[in-house]
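K.L.:
Below are the chains, spelled out letter by letter.
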Amino acid sequence: MSQVLQRTSPTGTRATRVIGTTAILVMAWVVVSGLMLTPQDVVQGESVRIMYVHVPSAWIAYLAFIFTAVASASWLISKKHSMGFDRFAGASAEVGVMFMAITLVTGSLWGRLTWGEFWQWDPRLTTTAFLFVTYIGYLAVRRLEGSVEQRARRSAVVAMLAVLEIPLVHFSVVLWRSLHQGATVLNPNGDVKMDGLMLFTLFSGVVGFTLVFIWLVLHRQRTMLLVDIANNQGLDSAIVARRAEGSAN
Amino acid sequence: MKDAGFIFGSYIVTLGAILIFAVSTLRSAQKSSQSVTDKDKTWL
Amino acid sequence: MKNISGTRVAKGKVVTAVLLKDLRIELRSRVVTNQVLPFAGLVLVMFAFALDNDDVLQRVAGGLVWLATLFSLFIIVQRSFAIDTADGALDSLRVAGIDLSAVFFGKAIALALKLVALEIVLICGAVLLYRVDLSASGLVLLVTCVLCATSGLAFVGTLYGGLTAGAKGRETLLPLLLLPVVAPVLIAATRATEAAFGSGGAQTSEGWAWIGLLTVFAAVFGVGGSLAFGSLIDE
Chain E
1 MSQVLQRTSP TGTRATRVIG TTAILVMAWV VVSGLMLTPQ DVVQGESVRI MYVHVPSAWI
61 AYLAFIFTAV ASASWLISKK HSMGFDRFAG ASAEVGVMFM AITLVTGSLW GRLTWGEFWQ
121 WDPRLTTTAF LFVTYIGYLA VRRLEGSVEQ RARRSAVVAM LAVLEIPLVH FSVVLWRSLH
181 QGATVLNPNG DVKMDGLMLF TLFSGVVGFT LVFIWLVLHR QRTMLLVDIA NNQGLDSAIV
241 ARRAEGSAN
Chain L
1 MKDAGFIFGS YIVTLGAILI FAVSTLRSAQ KSSQSVTDKD KTWL
Chain Z
1 MKNISGTRVA KGKVVTAVLL KDLRIELRSR VVTNQVLPFA GLVLVMFAFA LDNDDVLQRV
61 AGGLVWLATL FSLFIIVQRS FAIDTADGAL DSLRVAGIDL SAVFFGKAIA LALKLVALEI
121 VLICGAVLLY RVDLSASGLV LLVTCVLCAT SGLAFVGTLY GGLTAGAKGR ETLLPLLLLP
181 VVAPVLIAAT RATEAAFGSG GAQTSEGWAW IGLLTVFAAV FGVGGSLAFG SLIDE
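Residue numbers (my numbering), protein chains in the order written: chain E, 1 to 249; chain L, 1 to 44; chain Z, 1 to 235.
Wrong hints could be hidden among the right ones.
Simulated coverage check for chain E against chain L, where a stretch passes if three residues somewhere in it have a Cβ under 8 Å from a Cβ of chain L [to be verified]:
(1) 24–38
(2) 41–49
(3) 53–62
(4) 103–112
(5) 220–229
FYI, nobody ran anything at the bench for these hints, they're computed from the structure.
Note that this is a predicted model, so its numbers are computed, not measured.
Yeah, the Cβ is synthetic: ideal placement off N, Cα and C, and Gly gets one too.
Construct all of the structure, not just a fragment, from the sequences and the given hints.
P.N.:
Below, the structure written as structure tokens:
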């Protein structure tokens, strides 16, 4: 049994299987409760149901980027430069980019229903979009050619620069919008009067998405290690093959 | 349900993206793990 | 800091040497004057074709000047680092045991000088082509804005240029990394320039608030760049 599991999911352990199963159960409850059990909102009507996936994915997206920044800083500061930090930073950023994409898509769908527009030039939305693009760039830097150490150093520095950049972007957009009179964007979450079940569903959403995040990051960073080793072996065997060719001639 | 397309759409996007990411991660792990010995799989 | 023969090399000397080297390359190759400047001028003309309205052009002149500057920035940075990595010049500097933050400042100042030359031409172009009026107080604001924005652009340009130098596909990667970072410069410099031009009835005094943001940006990436540059090219 365990060998079969090991073959289908080499990065799985008992812990990830427990986390994965719990995540599936919680997510199923969120979908059922969010779409069917929870009541409509007085102001927003049915569209409030998008909140149960939008808010938790935004939360996870920001959390993921904080983890990436902390792991990158740890890699730079630590004397050993442990590659575990680098793989964790990369895995967290990949998952974060995915959740950021989900946040932007569900947010614009929700915005269309509540504001009548897919997009508003609101500082929070704009900063989120910039964070998204910045981390797509971070992932592109990770894919540059070079050794594992080069990847770790480059991407850690880029993650640190992103920490400098994002507050500047946010501040400049705030300043830009404040001088621009501008449409007052109503805060979708603020208008919702939540009853017990709605709050509980939102809370389950946060728990469920966090479990999904942990499961994905665990598998992703282990996969990264596998890919790194496999690539390394590919290089080694290629060198051995060339040497064999050379001695045969 | 009013606006069902938008609401179901956002749930499908969310769950679909997570599913695709999970499956692609597991697949690439399967592909790479054949050439890696169990000794290198530190989590086992 | 010691070089191979064991004597100390002053940081200032390295900065000047790198700066003069980059400027000499430009004087001999004339890439900025013969290729980037005409390109930026063409962008201004193309904007006029695309927008096709004198009032609109006057209103958005500030933004167009800075967008054209950003597009040119990518070309100049790529060119500058392509020369450095082609002959392994960066590697030689590293092996020579030179303080890499001095290299950073030398290259950044050289980039800033090229950018200022470019911006002067672009602003003159905007005044001529888009019929912008420039008052004396507006000119003071505009000069300050150009200086502050250019130092910020030069620092991030050099920093990310060093990061992508020598990597495959850097031509496409550099804009992806740089554009989000320079967004605050685009916002602030555009607003300040619009205030200087008086576009859309803006007052000159409104522009000075943005100079603060540009200064903070330049300071943050000046310090961050001098710390990070060494570890980015040190491999």
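K.L.:
Look at each hint and say if it fits the structure.
P.N.:
To see whether the hints hold, each was checked on the structure:
1. Only residues whose beta carbon comes within less than 8 Å of a beta carbon in chain L count, and the segment 24–38 of chain E has 4; three or more means the coverage holds.
2. Evaluation of the coverage hint for the segment 41–49 of chain E: fulfilled, as 4 residues show C-beta separations to chain L shorter than 8 Å, against a requirement of three.
3. For the segment 53–62 of chain E, the assignment as covered by chain L holds, since 3 residues bring a beta-carbon within under 8 Å of that chain's beta-carbons and 3 suffice.
4. Look at the segment 103–112 of chain E against chain L: 5 of its residues bring a Cβ nearer than 8 Å to a Cβ of that chain, three or more, so the hint holds.
5. Coverage of the segment 220–229 of chain E by chain L holds. Counting CB-CB distances below 8 Å, 7 residues qualify, and the rule asks for three or more.
Comparing the model with each earlier hint shows no violations; every hint is respected.
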